[in-house]
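Trainee: Single-letter residue listing:
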Amino acid sequence: MRRTKTPAAIGILAALGLLLFLLPLAGLIIRAPWNQALGELADPTTTTALGLSIFCSLTATGIALVLGIPLAVILARTRGTLRNILRALTTLPMVLPPVVGGVALLLAFGRRGLVGSLLNQAFGIQIPFTTAAAVMAETFVAMPFLVIAVEAGMRSLDHRYEEAARSLGAGYWRVFTRVTLPLLRPAIFSGAVLCWARALGEFGATITFAGNFPGRTQTVPIAVYLALETKPEAAITLSLILLVVSVAILVGMRDRWLGAL
Amino acid sequence: MIKTAATLGAMILVAACSPTAATSTGPARTTLTVFAAASLQPAFDNIGQKLQGTNNIVMTFSYAGTQTLTTQLTQGAPGDVFASADVAHMATIESGGLIRGQSAVFAHNRLEIAVANGNPKGIHTLADLGRSGLVVVLADPSVPAGKYAQQALAKAKVTVHAASLEQQVTGVLSKVALGEADAGIVYVSDIVTSGQVGGVAIPDAQNVIADYPIAVLKGTQNLTGATAFVDLVLSTEGQTILRAAGFEGV
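Just so you know, the sequences run in chain order S and U. Counting from 1, one number per residue, gives the positions in the first sequence under my numbering. Counting from 1, one number per residue, gives the positions in the second sequence under my numbering.
Derived from the structure by calculation, the hints contain no laboratory data. Model, not experiment: these values are computed from the prediction. We put the beta carbon where it would ideally sit given N, CA and C, even for glycine. Honestly, I wouldn't trust all of these hints.
[Unchecked claim] Between beta-carbon pairs, the in silico distance windows are:
hint	chain 1	residue 1	chain 2	residue 2	range
1	S	Leu119	U	Gly130	21 to 27 Å
2	U	Pro78	S	Leu157	50 to 56 Å
3	S	Ala88	U	Glu248	47 to 53 Å
4	S	Ala108	U	Pro78	49 to 55 Å
Same shape as in the complex, but just chain U (with noise of 0.2 Å):
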């Protein structure tokens, strides 16, 4: 009885707005919104400052965990560009036929432990993190650095005890930034931005190499800046930011 009311009360709501929705064609917006990787940040905000300055265009960037932020678009969550992590998350918002065109890798970015300033614990590689006593944080294997870094610890044959498994990278180097954690798997780039930890490479044949995917959404409001924000990060000035802060460019 309830539903039914319940039921019946939803198709009156929707009846009633969706006339409104359907006629709101204004004039053309110069407003873009960004959904990028959290990982992407200082990158992406430098980038958008230099758009915004030469095409008068408001950037809004929604910066989060990538398998967040494909949850988000594919509950219909309306942006204009997207710039994934890794080329799975990618896949699924290209095969829900959400994105316009083909998406196209733009930046590279390999894993580097993150310790506190200094490495007081003495941290040299991948195999120490396995040592009891060590409080580690990784990211949750759904976010895309936490399944580079589950990917890099299996090829360095380390069982790693995480206190916690972290909704996005920037909050794995958050908790080493803030001490609360020794050491944490994130990206090169997160520790040349950050500034407020210490990284410790990881050999080549250890690591992972992650490629970020770019692409221009299908629900745009905005094909002009979405295209102009996509060149950008392609170009050669938008490569020259993106080495700058600790990616490898295409």
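Extracted from the complex, chain S is given alone in its bound form (with noise of 0.2 Å):
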């Protein structure tokens, strides 16, 4: 087949297109007080947002991975209405501004939320401020993309394997375990990949929601956003820090798994 000459006004909305993605890293590159880039990354700030956020967002996917593979199997499951609301409602933190994604938590689990109220008068347990907050709103804002990814596993998977598997005398969870979820690794790894590290990126919801305490609740995100306002060079520094992270992971990842989305 022969290939069609791409008219000259494509190329260059692309290009325009991929300068408003370059100009950005180019600038936080370029402006990066490289000199003092080590000091700042022994900062205890910068140590301690830094743990906090590598804590934060490997138990945000942790959770994701046992609540939203669940959830992308019914999903999958699922025909006509029932499926189109749990889609919506699965994919309305994708599409909600984070921050309003924050008052919502904090509106269902705050100390005069729906469940937090109960779970204050019941246990003394209050989530607002605590490190379980901001795991809370990254997994809230982040699951999705795992759900989304696993549920297109499930809808291409070739179901002759589970089949053949269940005709030669196989239970479902040994179906599940032994089958389906090797199948499904691609899509899983690649939808842990991709919520991974939307949670790392967590700002509003967890601002929001969790409030802003250093080691407690304030993660790189946030100290970046903190920096900006006091310590400008601590603040390219951090970004710089979580740009190489997402650079590494894309560059890593790319070929063997996520070429499949």
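Taking the hints as your guide, dock the two standalone chains into a single complex.
Mentor: If you want it as structure tokens, here you go:
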């Protein structure tokens, strides 16, 4: 088949689009105080925020795996109106402004919230302003990425393998853990990576629901936002760290797994 | 290699854009953008409406923590007037050569403890904020209200384990109003205008008086409007509105 020539206009618009991505990155790299970067890395504010970010985002991804895979299984097996409703609910956090998500979390799990007030009265548990709140906010915002990826994987699955296993006498759980999950591995992996990356970058829902306190709820994006107003060099360095992490993930995973997306 | 290409791209884009930016001299604008500390919102909304009614000016307010506004202005955000919740941030803007003429202090504010209506936790002094089991929220020390709160707590020799350090004083207020925090340190004006929280006065010996300066920004596209707004804030009418909103006049 002969390739038709792409019009110049398409190329120009594509280049402009690419520049929109490239220039901010270039800005970060060019303006970075490289000589101070190592010093900032050793700054307790930076290390504390980085440690907290890694902990929260990994925990959020873990919770998303435990709750999100079953949700994706159910989504992939339902049809019609129910499926549309479930899908809309699941993807809502992806389109909701994160700050709105944070407000909603407060109204549900805050001290006076729907569930939060019960937790507070029955067990004296208060979620807002805790690391648990930061993890919940990240899970809320990031889990849809995992669910969507795994659901897509479920739908494109060749169900004959499962049927074959079942015909050989395997029960539901055996088929699920030995056949379905291994077949879904690429989808789960790419979904988990996207989910983790989104959780790592979470800002709006976290600051609204969990507040800001170093070592407890001040994750890297919040530290960046705060530092920008007091120590811009620290903000740029922290941004660079997140950038390096993100690029490393993309480069490391793209060929093997994300190509499936 | 990529870096060089990116730099080149940036240069081309800047070169392509700058002529258009330089030639944009339209007719005199009737819009006015005021960058104001978050605590000023109730009073300035009111003053803005007065000006809008008499001078056919479309007012736009950008309310945020003073430190946020200062960053935005030093990064080149376009505005006509800046009203700060402390003298220090105004000084930053002033030393950056960003204001026109001189800044003038137009109001004072005091700190007060915000509690739930009816004060169910029985908070009566700053010392009470140090009690364990109490959820206390403060503004971050980079925010003027947070800096003042630290000063007041130091004067009262109280150590508070804050649950959160908010980005603007209104964040503290909303956490108390929502019932997520038992107490927070805010301005008297915040409590006067909120109506959703109770206030516990802080004695003068421990209190801090905040000075609010205002200035016309150098980059203003509407000097007449900007001057009119500053004059109105400093006028008897403006001062009355500020007092009604819980500020102290000058």
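Trainee: Run every hint past the structure and note whether it holds.
Mentor: For each hint, the structure was consulted:
For the pair Leu119/S and Gly130/U, the supplied restraint of 21 to 27 Å holds, since their beta-carbon distance comes to about 26 Å. The given range of 50 to 56 Å is respected by Pro78/U and Leu157/S, whose C-beta atoms sit roughly 54 Å from each other. About 52 Å separates the C-beta atoms of Ala88/S and Glu248/U, a value consistent with the hinted range of 47 to 53 Å. At about 39 Å, the CB distance of Ala108/S to Pro78/U disagrees with the hint of 49 to 55 Å.
Comparing the model with each numbered hint stated earlier shows that hint 4 is the single one that does not hold.
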